[in-house]
Structure formats: structure tokens, C-alpha cells
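Student: Sequence:
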Amino acid sequence: MEVAAARDLLAPGALPALLLLAGLTAVLYALRRRGSGGGGLRLPPSPLALPFLGHLHLLAPLPHQALHRLAARHGPLLYLRLGSVPAVAACSPGAAREVLKTHEAAFLDRPKPAAVHRLTYGGQDFSFSAYGPYWRFMKRACVHELLAGRTLDRLRHVRREEVARLVGSLSRSAAGGDVVDVDAALMGLTGDVVSRMVMSRRWTGDDNDTEEMRGVVAETAELTGTFNLQDYIGVFKHWDVQGLGKRIDAVHRKFDAMMERILTARDAERRRRREEDAAGAGEEAAKDVLDMLFDMHEDEAAEMRLTRDNIKAFMLDIFAAGTDTTTITLEWALSELINNPSVLRRAQAELDAVVGASRLADESDVPNLPYLQAIAKETLRLHPTGPLVVRRSVEPCKVSGYDVPAGATVFVNVWAIGRDPASWGPDPLAFRPERFLEGENAGMDVRGQHFHLLPFGSGRRICPGASLAMLVVQAALAAMVQCFEWAPVGGAPVDMEEGPGLTLPRKHPLVCTVKARFDPMPALAADEGAAAAAAAGEA
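Numbering that gives the first Met the number 0 applies: residue 0 is where the sequence shown begins, and numbers increase by one.
Just so you know, the hints here were simulated from the structure itself, not pulled from any lab data.
Mixed in with the good hints, there may be bad ones.
[Unchecked claim] The list that follows gives simulated cross-link-like pairs (lysine to aspartate or glutamate, EDC-like), each with its CA atoms no further than 20 Å apart: (1) K286 to E275; (2) K111 to D316; (3) K514 to E302; (4) K253 to E210; (5) K100 to D316; (6) K506 to D494; (7) K506 to E496; (8) K506 to E275; (9) K245 to E221; (10) K138 to D351.
Here the structure is a predicted model, which is why all the values come from computation and not from measurement.
Sequences and hints are given; from them, build the entire structure.
Tutor: Below you can see the structure in the form of C-alpha cells.
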């Protein structure tokens with residue numbers, strides 16, 4: 000979440016009322032503190048708080064960095080008061096292990112910001128739903144159906160075709176001497192992969208629905224990443240001081256109307272298929288994720304039938320999480336490679352030896368590319384797309400000997416943990432993929448079993464799309480490194496400043512010139528011919 004400066008948060012005319020409220024709250028807070036004595040809890044160390052705001056002022060502009068600095072002064076477990084919301088920050092591998100594994104049952108919920116609650120039909124999505132029967136049902140559906148290994152294998156051709164399409168676009172830019180907006184190019188890739196897997200149509204299509212989906216996802220990322228007083232200051236819970244509520248409602252209405260069109264069209268298509276099947280004239284169609292969701296909606300014998308709103312909310316989850324985060328990881332990886340030419344040269348040498356220059360690198364090559372895998376891990380260590388794993392305590396608990404009250408928001412600072420010298424040695428800020436090929440880090444996985452590397456979280460609420468994300472990141476990065484030389488416009492080193500938001504974007508866009516290392520077009524043409532022949536054979 001973005002914690003912006005106070006002057007940017009308030010609608011015109013609200014400041015006098017806030018100042019008066021702050022003064023009254025200061026008096027009440029002092030009286031309460033005088034009489035409470037702390038309630039007998041042994042809370043973690045805490046910085047000095049302000050009345051009314053608590054510690055909110057300390058978290059601007061980038062909360063993960065601010066928490067890292069606070070932990071250096073006060074210790075790896077912090078107690079904070081974010082307005083009226085109690086919070087705890089875990090900034091070490093040991094504290095993370097206690098929250099996400101040892102006492103996982105106490106931290107299985109996630110706080111639900113006002114924007115998320117509204118955009119997901121009152122919390123009917125999967126990512127932010129409360130831990131309970133519905134969440135467990137959707138978790139099993141993701142693991143065994145929607146994002147299962149066999150589903151990803153069945154849709155491998157989608158990822159391969161979209162990576163090849165990206166390479167073709169970059170080749171044309173290289174031939175024409177064009178400047179490449181890397182973020183836009185990669186967002187097109189990841190959006191097309193997700194959109195084709197989910198609903199069998201391209202994200203970059205020119206029809207109204209795909210264009211509108213791109214806009215909704217961008218607006219959703221902005222609104223959910225903007226600090227909202229309603230989430231932290233109790234008196235503002237029903238008072239839209241910032242005007243965010245109106246914007247959130249407008250985006251929700253736009254998304255709902257678009258999803259109704261998509262679901263209605265798919266419903267009609269499924270009825271047509273059933274009629275053709277009944278008449279013996281139908282052909283078996285490959286199911287995408289939307290078909291699977293419809294199956295779960297229509298199955299009367301299912302343990303839990305999805306509602307139409309559940310489907311819409313899940314679609315928002317998968318588009319919002321599956322496009323932005325993978326794009327950001329690839330952009331950071333490329334930024335690091337440009338700034339570390341020796342790493343780039345070694346990666347290209349590995350690709351030349353394993354794949355050569357007669358074909359395009361593929362997902363099937365990745366197991367034979369250990370250095371490329373190490374680059375992906377090192378990127379996620381330094382630039383986790385979710386710098387803070389956020390949980391909510393459902394019951395009182397002790398962590399590292401301190402009390403964590405029920406209802407507290409709990410932050411696991413993945414970003415800080417990935418830069419901890421105690422885990423990563425004397426050079427934790429250096430981009431050195433070799434660290435994943437040496438000693439105890441060799442073969443380390445990124446799926447939550449090693450608590451000093453948690454880019455996807457850990458435990459039961461680990462990101463269900465981790466496998467898909469790694470497939471796309473490694474295959475796309477392999478093709479981009481194999482086929483092109485990259486240089487930032489202007490020739491200066493790429494700046495590595497982070498931007499605000501729920502994820503970890505670059506502050507400034509990455510804009511590059513590309514030069515082909517070899518001409519990939521013959522290989523792409525051969526791939527297209529093979530795919531067409533396979534399709535004709537199946538027909």
C-alpha cells in the first residue's frame with residue numbers, strides 16, 4: 000500500500016476539521032494512556048507515536064524501506080499503531096518463520112482494505128477472503144484444477160507463442176532502430192499469457208472488452224495502492240474525505256458491466272456447445288480457466304457452488320496479480336543485467352552452449368540453465384514484487400516472546416529479509432546470482448520453505464500463481480537474453496529507484512535500445528510452421 004504525504008491525502012476543506020479532531024484525540028489519547036497502563040501486554044519495541052496518527056507518519060513514502068530502517072533501531076519485531084489499527088512488523092527470517100509457520104493458524108486471515116472490499120463484491124474473491132470453507136475450497140480448486148501442473152502443461156503452447164510474439168516485436172524494433180518501452184512490452188506479454196489462459200483471448204486485442212480490462216486492472220492497482228484514511232482512522236470509516244470511494248465505485252461498476260458481457264457471451268457459447276454435442280456434431284473444445292469456473296458454478300453436486308460474483312472477483316484477482324507482478328519481476332531482472340554486464344555475458348554464454356542460435360529458448364530448456372534460474376532468484380531476493388506479506392491475527396499470540404493482540408495487522412518484510420547480511424553475507428545489496436550456485440544456497444527454492452527468501456510468501460496462503468509466474472519469468476528472460484543486446488537510452492547506468500504501490504515497481508520507466516544477437520525470425524517461422532502442422536494433424 001502506498002503511504003503518501005498527508006497533504007496529498009486530503010480533499011480540499013478537510014484540513015481544519017482534521018486539526019480540530021487531532022487536538023481532541025490527543026487529549027483523549029493522553030487520558031487513556033494515563034489510565035490504561037498498557038493492559039499488561041508485553042508488546043514488541045515501538046517507536047514514539049503521535050496522537051491520532053500513531054506511526055503512520057513514519058512509513059512514508061515506501062513502507063518496506065521505512066520498516067527496515069525502524070527495525071535497525073528497535074529490533075526485528077516492531078509494534079506499531081497505524082491510526083487506530085494495531086500492527087506488528089516482522090523483519091527477520093526468525094520472526095517470519097514464527098508468523099508464517101510456527102504460529103500460522105493465528106495469522107491465516109488478511110486485512111481487507113476498503114477498496115479491495117468494494118472491488119471484490121464485498122470480499123467474494125479468493126486472495127482476500129477470510130480463512131474458512133470458501134477459502135479452502137478455492138485453494139483446492141487452484142491447486143488441483145485452475146493453476147494445477149497439468150493445467151499449466153496443457154497451456155504451455157500459449158506461453159511459448161506469446162514469448163515468440165514478444166521476440167518478433169523486439170526484432171522489428173531492433174531492425175528499425177526504435178526505442179523500446181520495456182514496461183509496455185512486458186505488460187503486453189504477461190497480459191496476453193494470462194488472458195489467453197483465462198478466457199482464450201488476447202489482452203492486447205483491439206476489442207472493447209480487452210481494452211477495458213487493461214484500464215480496469217491499471218485503475219485497480221492504483222486504487223488499492225493508495226493510502227486510504229478509511230482503512231486506518233476509525234472516525235473516517237464512513238466518511239470519504241479523500242474522494243476515493245467515488246472512484247472505487249466507478250471502477251467497480253465498469254468492471255462489473257464488462258464481466259457481465261464476458262460471462263453472458265461465454266454462457267451462450269457453452270449452451271451452443273452442449274446443443275452441438277447432443278446433436279453429435281460438436282467437437283471437444285479445450286477448456287480455459289473461465290470454463291473451469293463455470294463448471295464449478297453449474298455443478299449441483301459440488302461441495303460449494305461458485306456464484307457469478309465469485310467468478311467475477313476471481314477473474315479480477317488473477318488479472319491484477321498475474322500481469323503486474325510478473326512484468327515488474329522481468330523489468331527488474333533486465334535492469335540488473337544491464338547494470339551488471341558480466342552477469343549478462345555469463346547468461347548469454349550459458350544459453351549459447353545449451354540452446355545455440357538455431358532455435359528460440361523454451362521452457363523445456365530452463366532445467367538445463369542453472370545460471371538463468373539463479374538470476375531469477377537473485378532478482379526476486381532483491382526486488383520481491385510483494386515487498387510486504389500482510390496477515391491479520393485472528394487470536395492473541397506470542398511471537399519472539401512478545402504479545403501480538405488479536406485483530407492486529409502483521410507485516411512480514413520480505414524486502415528487508417532479502418537484504419539481511421546475517422543471511423546473505425557481507426554483500427547483500429550486490430546482484431550476484433552465483434550465491435544461488437554455492438554452498439547451502441545451492442538449489443534453494445522460492446516457494447516458501449526458506450524463510451530468508453520469501454518472494455511468494457509461505458504456508459497455506461502462499462501465492463497460488465507462483466509456478467506460473469516462474470515459468471513465464473524464466474522463459475521470457477531466456478529469450479530476451481538469448482536474442483538481444485540491451486542498452487539504456489542515454490548510455491548511463493539504469494537507476495534502481497523503487498516506486499510506491501502494493502507491488503514493487505520501478506520509479507522511472509525502463510526505456511532501452513535493442514540490438515539483435517542473431518536473427519530469430521527463421522526460428523520463429525519454423526515454430527509457427529510446426530504449430531500449424533500439429534493443429535492440422537489434430538483436425
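Student: Where does the structure disagree with the numbered hints, that is, which hint numbers, in rising order?
Tutor: As far as the earlier hints go, 3, 5, 8, 10 are violated by this structure, in ascending order.
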